Amino acid sequence: MTTTALAQDRSSSVSLSSRLETDRILFVVGAWALALVWLLPLLYAVWTAVHPSAYETRFDLLAPLTLDNFVQAWNAAPFARYFLNTILLVTMILVAQLVLCTLAGFAFARLEFPGKNFLFTLVLLQLLVMPDILIVRNYATMSALGLVDTILAIGLPYFASGFAIFLLRQTFKTIPKELDEAARIEGCSLLGLMWRVYVPLAKPTMLAFGLVSVSHHWNNFIWPLIITSSAETRPLTVGLSIFATTDSGVQWSIINAATLITSGPLLIGFLLFQRQFVQSFMRAGIK
Amino acid sequence: MIKREWIHAWLLLAPALLLLFAFTHLPAVQTVFDSFWSTPRGRRPAVFVGLDNYQRMLADPIFIKAMVNNAIYALITIPASIALALSMALFVSGKIRGRGTLRMAYFTPTVLPLIAVANIWLFFYLPGFGLFDQIRGLFGFGPINWVGQPTTALYAITAVTIWNQAGFFMIFFLAALQTIPESLREAAALEGASRWTIFWRITWPLIMPTTLFVSVNATINAFRMVDHVFIMTQGGPNNASILLLYYIYDQGFRFWDTAYAATLTVVMVAILCVVGIGQFFLLDRRVHYR
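In the order they appear, the protein sequences are chains A and B. At position 169 of the first sequence (counting the first as 1) the number is 169 in the numbering used here, and the numbers step up by one without a gap. If you count the second sequence from 1, you need to add 1000 to reach the numbering used here.
Quick caveat, the hints were computed from the structure, so don't treat them as lab data. Be aware that one or more of the hints could be misleading.
[Claimed, not checked] Here are the simulated DSSO-like cross-link-like pairs (lysine-lysine), alpha carbons at most 30 Å apart as the crow flies:
(1) A/173 with B/1003
(2) A/203 with A/173
(3) A/203 with A/177
(4) A/116 with A/203
(5) B/1095 with A/116
(6) B/1003 with A/177
The structure displayed is predicted, hence computed values, not measured ones.
Bound conformation, chain A alone:
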């Protein structure tokens, strides 16, 4: 099958070099056209945000630049508070996830105990049925705990991440057992062993997971929307949605400025650490 196809190809190789040239041009044009389409929404948002609203739909290279839209957006809603809430939220979630999932991942990777496979299957189940979907029941739980409208309630369902446990277990499994035998002979306790041997060696995985976790929870929307009801707890995404929908009189240039403010830190972080970001997502996805 393959040989006949190749034979056919060879028979038509008279115009091979010219065909490869067109091939190459099409390839490059395709790549850049797609990139342009992909960046366009963002460029458009930046364009409208840095120009007066009169230029929202009119392209004029000489249109005056202004930061007024950002100032107006910032003053129109408690964005400073939203920022603080989001930063508290993602930090709290990440710290809790790293601590809890390191402990659990270590147990799954290195210790033997009854029910291990069954419990690990339950952990993997969370990759499929996420708390994002069980919003009705989790809201009832939070109100029973008296935690509705707190930042803790936004984060709590995500503290035990099946994904993190899985990732860390995989990483811990690659660490040679001789290392922990040596440490144990020297009188290291289990927790000491984990802290001195396993955690340092799993740092790249933790960094990778950290980036994924922070960007996921920075962007998360439905659960925070449901569980919060005041400016003191609302993260940026919820704040932005309220800002953009309640006041229909708000100009597009201001909404776009607010949109950029909301995604700004993550976007700047991504542009600065692009390579690490991409590699982290790659590492987190493949393991």
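Since the structure of chain A is provided, determine the placement of chain B on it from the hints.
Same frame as chain A, but now just chain B:
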């Protein structure tokens, strides 16, 4: 001695598993229970109603609409995202000038909150003034209310989803492409095989496990990614763009009909379990479970 190891293991697992049970497993089971009871209202406690909620659901035209819409949404976003993600990965995996810029352009939408990009896209779709209508205007077409009319609202949402997730899936394909030995492609190129032939005969079969892995993720996303619906259409007009998770939110938190919302959630969980079982049988476990 062995006993001590067990106790250590359980102690290490306890905090994580406790939270996992409290917010994933237990609520999933409770949701199934709730679906057989009525919604407690005021002083009226919940009563056992058997399959009433399910009968109501099957007779509910909005539920049917949400399921049909979600199926359309999935059937478009999954293949389109995969095709685009794979093209992106092919574009930036070889030698091409400005590789870093291209990769950045493709990946950027992934780091933006879906709720924020919904605003930007809403502006694109603005009747008469938005980018789409301005381009159509150049060719003499009249304005279209993309998100405001039933025939296009769902597709307007679908486009945003594809745009948002394709760059993310590109990463997996990039990693997969890196594992293909360069010598294979070189040998084929020496034989005079075109890019197209090389792709279908070498690349595509070798990245199949990744394609399946991405398909599973895209399927889950098709039921989970509804943030932009809140900003762009709120499921409207006339439920033209309603999706299952959005309907769950609507019933659970706008009408506070928690029992019915639980019934809808059971459907959602069932769908995801089917996806999970499919993944189990389709994927070579060695590839991703190691």
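Here's how the hints hold up against the structure:
{"no.": "1", "hint": "A/173 with B/1003", "in the structure": "holds (22 Å)"}
{"no.": "2", "hint": "A/203 with A/173", "in the structure": "holds (14 Å)"}
{"no.": "3", "hint": "A/203 with A/177", "in the structure": "holds (18 Å)"}
{"no.": "4", "hint": "A/116 with A/203", "in the structure": "holds (25 Å)"}
{"no.": "5", "hint": "B/1095 with A/116", "in the structure": "violated (47 Å)"}
{"no.": "6", "hint": "B/1003 with A/177", "in the structure": "holds (21 Å)"}
Checked against the numbered hints above, the structure violates only hint 5.
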